[in-house]
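**Q** As a plain string of letters, each chain reads:
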Amino acid sequence: MKTIMELLQATNSDADFAHSDDFISDGLLDSMDIQMLAVAMEDEYGITLAGTDLMPMNYTSVDAIRDLLRSRGVEGDI
Amino acid sequence: MGTYAAIRAIASYLPEKIEPNDPSNPIGKKIGIAERHVAAENEAASDLAVRAAENLFAAYGIAPADIDFVLLCVQHPDHSMPSAACIVQHRLGIPQSAGALDYGLGCSGYVYGLGLAKGLIETGLAKNLLLLTSSVYTKFVSPKDGLIRPLFGDGATATLLTPVEADHPLLDAFVFGTDGGRADKIVVPAGGSRQVPHTTPLVYDEPDARGNTRTNYDMHMAGKDVTSFTMHTVPQLTKDVLAKASLTAGGLDAVVFHQANSYILEKLRTRCGLDDVPFYNDIQHTGNLVSGSIPYALETIDSKDGLAGRHNVLLAGFGVGLSWGGCIADFGALLPRKSDG
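So the protein lines, in turn, are chains B and Z. Count the first sequence with the working numbering and you get residues 1 to 78, in order. Count the second sequence with the working numbering and you get residues 79 to 419, in order.
A couple of the hints might just be wrong.
Not the full set, but computed from the structure, chain Z residues with beta-carbon under 10 Å of chain B [claimed, not checked]:
1) 164
2) 225
3) 256
4) 303
5) 342
From the structure, some residues in chain Z lie toward chain B, with a derived Cβ separation under 7 Å [said to hold, decoys possible]:
6) 290
7) 301
8) 302
9) 306
10) 309
11) 341
Hints are computed from structural coordinates only; laboratory data are not their basis. Every value quoted in this text rests on a predicted model; they were computed, and no experiment measured them. Ideal Cβ placement from N, Cα and C applies to all residues, glycine included.
Please work from the sequences and hints to get the whole structure.
**A** Okay, here's the thing in structure tokens:
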């Protein structure tokens, strides 16, 4: 199972996610990236993301994304 | 040898009015669209289609009297009745003995049109077929919708198809697909027979955090779901077309996907394993032309680098419906433009 960081890098390979405190305000993820990342996470973790799941506040950091995934029942090392 | 349908000529028309995208919006750069042509208030779908056909006739020395069938791909015809193709037939001076019909598809429409044209020509039902696309989507996208509005431009294309003698089909390996279960993912809810215009009031959606809103008469698009559809369907479509044609990606002379936006196209290129194949990706000055995006791209390639030497070109359209289609096109029978001498 790929990690969140691996999916982030696949979404935007030019971005330095490791040194960002806020992916949204730092401009590393925009609305199109979020859609692409959500599709990748749906494929990887077998979940469905919709509605408020796609709000930018859920994608500000790896921890925020992990919280979102945990709330959708994703377990294990992500 | 056999008699096969072939693309002989392609031309286009873009409305004069240009709507620039906001340069301060980083999404604009990401989708690769700086500006879009927009139909004027008094320009309807048939007006654009007629101009594209006139450009085709002029560029290739084609007489309207020789056309015996008109197919017009259009989602927003001039009227709910009659077919815009009938209006186009009359305005172009195409004989009354010609068949003419509209068909309503979006971004998959050109490939479907090629398939229909192939069927009509190779069964002897048509000889000189005019395949038109005309898109006036901007009339159905809210000006207050900063998410969808920057994507779409208006325009029309015209393609001439005729029978040619050849040792192989020049339009081949068609693959079609449909998922009406996701019809609501790209939709204009009101204005058709489900919510008729004279009894359905205009209602605005609740604005999002950035103030984007749209009415029930405007286009709605579920962005993530459409991205998911695209990223899953197009790679499989590509694989299926290649298998049907007994080709590998390395055997392709070019790939022209529906020009949705640059971001999606780059992602698709990699996901489809097409990084080493000539891959068209340029809608900087047009935006997404819907069913016209593939023929417009083909015309552009032809004018810059020539198409006639390309025998295995993969075409794939995908979008509203949801609907998709792909094929392999051989441009060996393309006519020279009059200006080419």
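**Q** Compare the structure with each hint and give your call.
**A** Now for the hints, and whether the structure bears them out:
1. 164: 40 Å, violated
2. 225: 7 Å, holds
3. 256: 21 Å, violated
4. 303: 8 Å, holds
5. 342: 8 Å, holds
6. 290: Interface hint status for residue 290 (chain Z): violated (10 Å vs cutoff 7 Å).
7. 301: This interface hint holds because 5 Å falls under the 7 Å limit.
8. 302: Nearest chain B Cβ about 4 Å off; hint holds.
9. 306: Given a least distance of 5 Å, the restraint on residue 306 (chain Z) holds.
10. 309: Hint on residue 309 (chain Z): holds, closest Cβ of chain B at ~6 Å, below 7 Å.
11. 341: 6 Å, holds
Violated hints, in rising order: 1, 3 and 6; the structure is consistent with all others.
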